[in-house]
Amino acid sequence: MSTPTIDEANPHSAALDAAESGKVELITVTLRIRRFNPEEHPDAVWVDYQLTVDPKERVLDAINRVKWEQDGTLTYRRSCAHGVCGSDAMRINGKNRLACKTLIKDVNPEKPITIEAIKGMTVLKDLVVDMDPFFQAYRDVMPFLITKGNAPTRERIQSEEDVQRFEDTTKCILCAACTSSCPVFWNDGQYFGPAAIVNAHRFIFDSRDEGAEQRLEILNDREGVWRCRTTFNCTDACPRGIEVTKAIQEVKRALITRRY
Amino acid sequence: MKIHQYDTVIVGAGGAGMRAAVEATKRSRTAVLTKLYPTRSHTGAAQGGMAAALANVEDDNWEWHTFDTVKGGDYLVDQDAAEILAKEAIDAVLDLEKMGLPFNRTPEGKIDQRRFGGHTRNHGEAAVRRSCYAADRTGHMILQTLYQNCVKEGVEFFNEFYVLDLLLVEVDGVKKVSGVVSYELATGEVHVFQAKSVIFASGGNGKFFKVTSNAHTLTGDGQAAAYRRGLPLEDMEFFQFHPTGIWRMGILLTEGARGEGGILRNKDGERFMERYAPVMKDLASRDVVSRAIYSEIRAGRGCGLNGDHVYLDLTHLPPEQLDAKLPDITEFARTYLGIEPYTDPIPIQPTAHYAMGGIPTNNESEVLLDNTTVVPGLYAAGEVACVSVHGANRLGTNSLLDINVFGRRAGIAAAKYAETAEFVELPENPAAKVVEMLETIRTSNGTERVGEIREALQQSMDTNVSVYRTEETLKQAVADIAELKERYKNISVMDKGKRYNTDLLEAVELGNLLDLAEVTAVSALARKESRGGHFREDFPTRDDVNFMRHTMAYREVDANGDTSVRLDYKPVVVTRYQPMERKY
Numbered sequence: 001m002s003t004p005t006i007d008e009a010n011p012h013s014a015a016l017d018a019a020e021s022g023k024v025e026l027i028t029v030t031l032r033i034r035r036f037n038p039e040e041h042p043d044a045v046w047v048d049y050q051l052t053v054d055p056k057e058r059v060l061d062a063i064n065r066v067k068w069e070q071d072g073t074l075t076y077r078r079s080c081a082h083g084v085c086g087s088d089a090m091r092i093n094g095k096n097r098l099a100c101k102t103l104i105k106d107v108n109p110e111k112p113i114t115i116e117a118i119k120g121m122t123v124l125k126d127l128v129v130d131m132d133p134f135f136q137a138y139r140d141v142m143p144f145l146i147t148k149g150n151a152p153t154r155e156r157i158q159s160e161e162d163v164q165r166f167e168d169t170t171k172c173i174l175c176a177a178c179t180s181s182c183p184v185f186w187n188d189g190q191y192f193g194p195a196a197i198v199n200a201h202r203f204i205f206d207s208r209d210e211g212a213e214q215r216l217e218i219l220n221d222r223e224g225v226w227r228c229r230t231t232f233n234c235t236d237a238c239p240r241g242i243e244v245t246k247a248i249q250e251v252k253r254a255l256i257t258r259r260y
Numbered sequence: 261m262k263i264h265q266y267d268t269v270i271v272g273a274g275g276a277g278m279r280a281a282v283e284a285t286k287r288s289r290t291a292v293l294t295k296l297y298p299t300r301s302h303t304g305a306a307q308g309g310m311a312a313a314l315a316n317v318e319d320d321n322w323e324w325h326t327f328d329t330v331k332g333g334d335y336l337v338d339q340d341a342a343e344i345l346a347k348e349a350i351d352a353v354l355d356l357e358k359m360g361l362p363f364n365r366t367p368e369g370k371i372d373q374r375r376f377g378g379h380t381r382n383h384g385e386a387a388v389r390r391s392c393y394a395a396d397r398t399g400h401m402i403l404q405t406l407y408q409n410c411v412k413e414g415v416e417f418f419n420e421f422y423v424l425d426l427l428l429v430e431v432d433g434v435k436k437v438s439g440v441v442s443y444e445l446a447t448g449e450v451h452v453f454q455a456k457s458v459i460f461a462s463g464g465n466g467k468f469f470k471v472t473s474n475a476h477t478l479t480g481d482g483q484a485a486a487y488r489r490g491l492p493l494e495d496m497e498f499f500q501f502h503p504t505g506i507w508r509m510g511i512l513l514t515e516g517a518r519g520e521g522g523i524l525r526n527k528d529g530e531r532f533m534e535r536y537a538p539v540m541k542d543l544a545s546r547d548v549v550s551r552a553i554y555s556e557i558r559a560g561r562g563c564g565l566n567g568d569h570v571y572l573d574l575t576h577l578p579p580e581q582l583d584a585k586l587p588d589i590t591e592f593a594r595t596y597l598g599i600e601p602y603t604d605p606i607p608i609q610p611t612a613h614y615a616m617g618g619i620p621t622n623n624e625s626e627v628l629l630d631n632t633t634v635v636p637g638l639y640a641a642g643e644v645a646c647v648s649v650h651g652a653n654r655l656g657t658n659s660l661l662d663i664n665v666f667g668r669r670a671g672i673a674a675a676k677y678a679e680t681a682e683f684v685e686l687p688e689n690p691a692a693k694v695v696e697m698l699e700t701i702r703t704s705n706g707t708e709r710v711g712e713i714r715e716a717l718q719q720s721m722d723t724n725v726s727v728y729r730t731e732e733t734l735k736q737a738v739a740d741i742a743e744l745k746e747r748y749k750n751i752s753v754m755d756k757g758k759r760y761n762t763d764l765l766e767a768v769e770l771g772n773l774l775d776l777a778e779v780t781a782v783s784a785l786a787r788k789e790s791r792g793g794h795f796r797e798d799f800p801t802r803d804d805v806n807f808m809r810h811t812m813a814y815r816e817v818d819a820n821g822d823t824s825v826r827l828d829y830k831p832v833v834v835t836r837y838q839p840m841e842r843k844y
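Those protein sequences? They're chains E and A, same order as listed. The numbering used here applies: residue 1 is where the first sequence begins, and numbers increase by one. The numbering used here applies: residue 261 is where the second sequence begins, and numbers increase by one.
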């Protein structure tokens, strides 16, 4: 009697078969990248790079290969390469995405794949933008737990239900994909932007926090939550699947009802 | 060149660096230099949890945790350090909770805990629930919480500043720290930071492997800077391979998946860990599980067309449990493999994950320049350091613990030292060495490409310095690295500019990886035994008579300027636990 194979014991799905076939069907793609280096030229230009790739690879893998094999001057930020550090938000085919969380096969590789810096922020070189105003808006909403009185000796008690109230917004990796997808932010750089509001939400609805009133006042500003026009671009752009627009709406509601 | 002066300079803004910064900023004028933005650090990629014997869900105590850590490290752990780690774990977790970390909770609202590899009740009886967690993004929550508290404390960050050299100056016969030399990515300008105390918290060096869970940025810059200034590197041959990386990509899938009930299976569908670790099964220590996976693959029981991987099976777990406890790793399987982990097992293979070795420190996080002598003013914490609390194999959840316990200790100790110490005068032309190195690379017309040498290095390390090693493979690695170091002398970069020249920095990082790969391979070649993460097929058993000691690797420069690795050894600190046979 032969040993039962896993195929008999536990039939594979077509997706698993495809994932582990190891078969690579290479394709030729064109990356059309918006290059900008003020050391060399005051204007940005589109440059095409052709390369052969496995369509199951990440867009970041393809960009890395351009840098390592064709043009070392191509400049971008990257670190973890699997969607948790937030370094490589960029506009790919006109949509904000993390290059390390986007597979080539999913961005219509038959046509040139356009890659450019995220919008509404000052481009410093190629895909690198000035992140300082973004982090300033984050700092401005007091993104830390504020409590009064003496801390308990053990942990603060918090129900799992209370955690769920703000759990979604704790997932933020500060990649700026949401803020730089927001039409209001494009036109008004002083708007706090979705990411800062998401991080305010994370504390306003934390049952342990006692700083909600201060944060709500900050966001009641004319550059605060009321600028949001609920276009949902931010929700679409979030690589962590945070319901950004909903979080902003909850902050607006809390401002009206003062309940959180 | 700009010169700055701070009491305390912290190099790196991951968990250890920011935990140190929270303490140091309260006590001294502190600057944190990071080559990224703080929240990009790789602490954020840690998933499963942070160990502490809170005993919130079942009986537990710090002594059991100490024992597990010592045994997990295959008795190469310094036992006094492990005791500090396990004792201070409890406050470390409670501190994070008070800083705002959103832990998962028990029905009573306390911090919830779950099982993890190698963590046991009463010295190995059964798995214990010791890992405090926030879904499968505990590292993310720790990194965010620490950054939030750095914002609260007004910590001064220098973002995208690479530290490329450590300045040590001899004062009355004593080698002391006087500062660091840093490169500002945005402008290409070199900055000298004079400091009374310096803390290295710059992370690991896993990028010399190809299949790795490590970020592109983990290139051992701190280790390399210290090593080139004559400081030793301890136990570099011990590199952990995490059992469950996504097949071929190496992306981490937390051990928490097995803590939640996930099972490893071979192509026959067999739960093979029952044969290798009858008590702990899938939750044996990582070195044991990674070896078991490769044993299965070698015996022809691997999965797929080439039989080169096994499965992590979560299909028997309720989807609600996966959504609540393992949302990120199930999403990784969907994103990168296109499979549905509710119904499909996930193809995995061991992935290079964590350096147990690093810059040697004592329990106060002070850096050692030999087996006993500290460098006044110099500290290290986290993966860059070797205390040693991890010995020959780190237990899962002990790294997030390590960065918090020893990051805090380093921050307090460095700031206290700065309270009474004087600045040590900077050497003449403090940045000369860095400027020369950068200009040589930037203006070189050499024919070698950084990408090609790095790929060749990673290929050799994956082939020769992996889970299974022999004299032959290690000699091959040493030869390959020597050849690559020669080729490295002839590299050039295409970007000749000053602004955001990542081409240049990747070349510098490759130089660091080459030096550290050499130390790793040479240390491994000399260790003719098998212990924890270092397994020699030609010496398959542990040899406590000859090798229950730490490796100390020094850089030697001969009269011709050629460098080599000189090895020395340091005794292990044994307090309560005599070495025993290691079974799970």
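The set of hints was computed from the structure by calculation and includes no laboratory data. Virtual Cβ for every residue (Gly too), placed ideally from N, Cα, C. Each hint should be verified, as a subset may be incorrect.
[Said to hold, decoys possible] Each computed DSBU-like pair below joins lysine-lysine, with the alpha-carbon atoms no more than 30 Å apart:
#	chain 1	residue 1	chain 2	residue 2
1	A	Lys676	E	Lys148
2	A	Lys749	E	Lys119
3	E	Lys252	A	Lys347
4	A	Lys756	E	Lys246
5	E	Lys148	A	Lys347
6	A	Lys756	A	Lys693
7	E	Lys148	A	Lys756
8	E	Lys23	A	Lys676
9	E	Lys119	A	Lys756
10	E	Lys56	A	Lys527
11	E	Lys23	A	Lys527
12	A	Lys412	E	Lys252
13	E	Lys148	A	Lys358
14	A	Lys370	E	Lys148
[What the hints assert, rightly or not] Covered, in the sense of this in silico footprint (three residues per stretch, anywhere, with C-beta under 8 Å from a C-beta of chain A), are these stretches of chain E:
#	region
15	31-42
16	114-128
17	163-170
18	185-191
19	246-255
Verification of the hints:
no. : hint                   : in the structure
1   : A:Lys676 with E:Lys148 : holds, 28 Å
2   : A:Lys749 with E:Lys119 : violated, 40 Å
3   : E:Lys252 with A:Lys347 : violated, 45 Å
4   : A:Lys756 with E:Lys246 : violated, 47 Å
5   : E:Lys148 with A:Lys347 : holds, 28 Å
6   : A:Lys756 with A:Lys693 : holds, 19 Å
7   : E:Lys148 with A:Lys756 : violated, 54 Å
8   : E:Lys23 with A:Lys676  : violated, 59 Å
9   : E:Lys119 with A:Lys756 : holds, 27 Å
10  : E:Lys56 with A:Lys527  : holds, 24 Å
11  : E:Lys23 with A:Lys527  : holds, 19 Å
12  : A:Lys412 with E:Lys252 : holds, 25 Å
13  : E:Lys148 with A:Lys358 : holds, 12 Å
14  : A:Lys370 with E:Lys148 : holds, 20 Å
15  : 31-42                  : holds (count 4)
16  : 114-128                : holds (count 4)
17  : 163-170                : holds (count 4)
18  : 185-191                : violated (count 0)
19  : 246-255                : violated (count 0)
Figure legend: structure checked against the earlier numbered hints; hints not met, in rising order: 2, 3, 4, 7, 8, 18, 19.
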